[in-house]
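Engineer: Chain by chain, the residues:
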Amino acid sequence: MPSAEIMLAVIWLGVTAYVLFGGADFGGGVWDLFAGGAERGRSLRGLVEHSIGPVWEANHVWLIFVIVLAWTGFPSVFAAVASTLYIPLTLAALGIIARGAAFAFRKVSTQLWQQRLFGATFAFSSVVTPFFLGTVAGAIASGRIPPGIAEGDLFTSWLNPTSLAAGALAVGTAAYLAAVYLTRDAQRDGETGLSEAFRRRALGAGAVVGVLSAVGLLVLRADARRLFDALTSGVALPLLILSVVSGVASLVLLWFRRYLAVRVTAALAVAGLLWGWGAGQHPWLLPGVRVQDAAATSTVLNASLLCLAIGALLLLPSLWWLYAMFQRSQSEEEPVSSGESG
Amino acid sequence: MNAAVLATAATEADLGAARMQMALSLGWHIILACLGVGMPAITLLAEWRGHRTGDVHYRLLARRWARAMGVLFAVGAVSGTILSFEMGLLWPGLMGTYGQVIGLPFSLEGIAFFIEAIFLGIYLYAWDRMPPIPHMLSGVPIVLAGVASAFFVVTANAWMQQPTGFDTVDGKIVAVDPWAAMFNPATPSQTVHMILAAFMVAGFAMASVYAVAMLRGRRDRYHRLGFLVPFTVAAIVTPVQIGVGDWAAHFVASNQPVKLAAMEGVFETGRGVPLHLGGIAVDGEMRYALEIPNGLSLLAHWDPHAEIVGLNEKPVADRPPVNVVHWAFQVMVGMGFALLALAAWMLLGWWRRREIPGTAWFLRAASLSGVAAVLALEAGWVVTEVGRQPWIVYGVQRTADAVNPAPGLVWGFVLVSAIYVLLTVASVYVLRRLARDRPVPLAPQESDVADYKVI
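The listed protein sequences correspond, in order, to chains A and B. Its first residue numbered 1, the first sequence is counted upward by one per residue in this note's numbering. Its first residue numbered 1001, the second sequence is counted upward by one per residue in this note's numbering.
Source of the hints: derived by calculation from the structure; they are not laboratory data. It is possible that part of the hints are untrue.
Claimed, not checked - Have a look at the derived ranges for each label pair, beta carbon to beta carbon:
1) B:1316 x A:226: 45 to 53 angstroms
2) B:1347 x A:39: 55 to 63 angstroms
3) A:282 x B:1169: 23 to 31 angstroms
No residue lacks a Cβ here, since even glycine has one placed at the ideal position from N, Cα and C.
Pulled out of the complex, with its shape left as it was, chain A reads as follows (with noise of 0.2 angstroms):
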């Protein structure tokens, strides 16, 4: 049934956007939680502010993407997962809400009680919504998400080795990949002193990053044998050794401040983590459920992913116009009229 493939493929693509665009703006906000008191952290909050403000809603929309895409596609599983993982998915939701409506309501504010008020609910939701994610995504990677309605255990699915080590895996990767594109974010404001702060803090992170990655294998290897054959040894070996090749290579060219070159780097040593995983559990989607099992009718894939297909020549030109317009080198109080030089 290769429409039921073709939709995994797609939500997958939708995951990967979603942590490689969306976790970055909660990686802004993590970084936000520890830029210290208001006077010191200012200028690091303004660029975080400044870079993530015009996207983070069209990111956040590769969630949602992602969500309906489930139901649509693998109506089962989306019911056993979220009935299972109610408790974590509704914590991760009211993370989302108070992460997006702080931002909107700090941005507007003008005292500075409002502001620090408003700016630690973003921040400090900004970290607990991808841990959240990212124990979700244990539960389902160590196969703790039996089918059928709520059948799973509500508490040890979600806290256990697996997840827990990917919910700190989620919350420093968000933080790694929002370090990394705001060094190079600062570079082209012509801010120095911030592009160095956050070099160091993209060294850091992707150290620890690495660090986490190589725990959560160990726990893989104790927690979640099969996942962790196929990741050492199987089919996603190779997603594996890309992961890692790139998040070397990461380090090596923030050390040389390559700041442009990281972003690519940075973004596939993530993507090869999700592929890897991907990969490894193949065809499983639950435990005792393959792809085709859990699959929608194939009158319903293929009008969906024809809808997408045509929605996609919408929608790709209109995100890379976005993306395009706020990564000009441009000072935000230049008027339209003093003419753009690229």
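Model the placement of chain B on the given structure of chain A, informed by the hints.
Structural biologist: Frame of chain A, contents of chain B only:
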């Protein structure tokens, strides 16, 4: 009391909690969604007038509305996200079986929402980077995608009222025609009714802000225009909406007779059934209602002697709660006609003196129009959703069979409610500060427009 009884009781409490949580988060989001559909169009209208006439008042209005829109859209985006979570968290029985049947409109809605979010980012953040005409053009996709999103989402709800386009064998879906499911019989009237409602809510809500300011003595051009632009949009839509409402009611009368019976509190099947105004259902009987002879038969089927099916035709377990549905319907219709009267008042004043009616009573009424439109919106959704009970998918799946059987949903509801209280307080506070932190000058100048940063 034995354990089995306790377990059943817990499930009923959880079902109630799940329904209340869904009602709370949907009822909250739908206000933001209406503003998200209507506000960009009204803002673009002001921006366009400002561009054509060079009038600083229009241009300042557009900028200030856009700034508020940025906040409202963010809150709307995240409050909409939790709904997609809740579809699975609260109703896995629905999604696990029928997710694929209603998947297509949701996929399309995902694309539409993507377009909306992308162009909103461009429209708001690039306001001062783009020349006026390209900038206004960048706002057009927001309006189109907003209307399209509303359409797609409501088709999924319409399917829950009129489930079509699938075959089941032993409770398992074996064949789906996703287009037939999307374009089910309820889709035309329900989607049009909702999209028009969005423009009414946005228009009256925005206008009522300026009606309040005018009551407080700010009757300058800026505030008059701030009232007139959104009010005109809403006032034009209102009579159309009443016609569409009639269409939707006819549809319900023909296709969901039990819902109509609950809306009108009709228990006995009969011909020449009166219309009930007010009243309360007690022990299977409508009491204290003002009866208009043959009114319901006439309105529902254009025939004073038409037959209306009563609730008694169905076992009690298959009936929706009558008083809630009946009163919600009364409130929606009452608010709709009150807003129509307000629009007529405005038209009369404009026709006679080319001016907003000068009496404070008009402004008082207009300052309540936003609340009235929201009440009508919420009441309408209560009619649609409570009137469908006990079914989640009309005639196919019961709500009780769709709910997540995991224990503790009550606590989830408590937590979500607490967060929504905070979210409501913060949203109202921030929007009020937004208006007050930078008061509108008495006579806005060019510099006041240029200095007002949208973002």
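Engineer: Now, for every hint given, state plainly whether the structure supports it.
Structural biologist: Going through the hints against the structure:
1. For the pair residue 1316 of chain B and residue 226 of chain A, the beta carbons lie near 52 angstroms from each other, so the given range of 45 to 53 angstroms is met.
2. Between residue 1347 of chain B and residue 39 of chain A the beta carbon distance is about 56 angstroms. The supplied range of 55 to 63 angstroms therefore holds.
3. The hint said 23 to 31 angstroms for the Cβ distance between residue 282 of chain A and residue 1169 of chain B, and at roughly 29 angstroms that hint holds.
Violated hints are absent here; each numbered hint is respected by the structure.
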